[in-house]
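2 protein chains.
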Amino acid sequence: MAIGAKLRPISESFTLKDHTFKLLRAAILEMDIYSPDTDLRLDERKLAESLGISRTPIREALARLAQEELVHIVPRKGVFVCRKTREEILEMVVTWAALESMAARLATVYASDSDLLALRKFAMQHSSDAVRADIEEYSDANIKFHQKILELSGCSLLGSTAEGLFIHMQAIRRRAMGEGDRALKSVVDHMEIIEALLARDADLAADRVREHTMRLHVHISKTWVRLETIGSLKIAVG
Amino acid sequence: MAIGAKLRPISESFTLKDHTFKLLRAAILEMDIYSPDTDLRLDERKLAESLGISRTPIREALARLAQEELVHIVPRKGVFVCRKTREEILEMVVTWAALESMAARLATVYASDSDLLALRKFAMQHSSDAVRADIEEYSDANIKFHQKILELSGCSLLGSTAEGLFIHMQAIRRRAMGEGDRALKSVVDHMEIIEALLARDADLAADRVREHTMRLHVHISKTWVRLETIGSLKIAVG
DNA sequence: TTATTTTCTGTGGTATACCACATACCTAGA
DNA sequence: TCTAGGTATGTGGTATACCACAGAAAATAA
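From first to last, the protein sequence lines stand for chains A and B. For the first sequence, the numbering used here assigns the number -16 to the initial residue and increments by one for each residue that follows. For the second sequence, the numbering used here assigns the number -16 to the initial residue and increments by one for each residue that follows.
These are calculated hints, taken from the structure and not from any lab test.
Which copy is meant is left open, because identical chains are indistinguishable; a pair holds if it fits in one copy or across any two.
With a Cα cut of at most 27 Å, we get these calculated BS3-like pairs of lysine-lysine:
1. Lys168 <-> Lys127
2. Lys5 <-> Lys67
3. Lys67 <-> Lys29
Turn these sequences into a full structure, and let the hints steer you where they fit.
Shown next, in the form of structure tokens:
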């Protein structure tokens, strides 16, 4: 066989800036953003040095992150990971509810029975995690459940729009999950959602998804009173 | 009076890249993107020369536009304004419906009577444009109507999320408005929406907004068959 | 004439140098 | 000791030079 017969293009049109963008995005996702002692500062030059590249691709990646409102760039001050205030988080939950509710509505029309049954199977498999109070595990499954509904809508823009909120929703859901008996209630909600989907009842499915997410909204607005002061800690600049 | 008593900061932290970003965004908004003979190419160097600045701030502005999916950047090929395919446009309409529907729901709770009455006055003022078949005029008013509902929700994230779709929705609505007697039907729809809002009927308002926007969806999917081929004209690079 | 190779030109990608400004620290005068 | 004012340092912002690659044009071989 000739040399190169099975070689693929070097991941066609690989660019450092794209790579850096994904890298930083993932890094921010893993950060515990809301821990008060986390350093929110990103130093272009240090990043450049540790990645072994120049500042240019890093700056373009940061520009994109800023567009996603994941970081704040303050001229001649610095680049900071963006903490959200309590109000911003509440708005994200509302927006998420809007998107997922529409997704559920569409899913009653476009999702196949086998997809929905697979979703039910998935939800049932992980319900035991909630019962065992295995919060970490269940929280991940919970997030995946909601993403799958977005997928099943067949409207990819709903999912990709929600993805911008996802990075924060993940942190929010993880935090909220451990509070009260939300995990157990969540299991019940999920099952009712799936039943509505399988019944192909668009209005009911949309309502249940929206109300489920809005319960998170109510929970947060009741419970998280201190976040706002933390959120505006160092960011209140420009 | 002491010197500087009335001086403001020099437009706090102005940067060329921000300015360029807004400039290009507005320029793209004004372009007739879907005209087949429009040049979709953006040349970094020519832009730099005509703006009298270097490529660097332009590149960062382009990076942000790419994040918003307003342009495609293809390494060593060029930067192109992003035409949307028919399917993508349909998804944008769905997503817009999701956001505005939720906004209407919230508006029944949070909008004041005076705000809603002002909205009704605004809609009635411009209904004559529709009757006179003054499409251009009415189309603008129509778009503003929908934006106001997003505002009245009190949830600014709904509006800012929708804004990313706005640039395309504007072109879509303008184009669709002239087709059939959509303008007249639109007037009726709007009035029914306002009545539902004033009646503080959350479900009804949400339903009417969603159905109104989804009528646009149906109209597009029925009428615009040729767009897809145009859309994927030069962009199908990947 | 046709097919192939080579060269040239233009593109975005990257690295680097330098700038203006913000900040913290230092120093001299009260 | 305390307070201006100056100075040093570090930040993101910008300009520039050069690179690798794509694609077209031109040159060459069949």
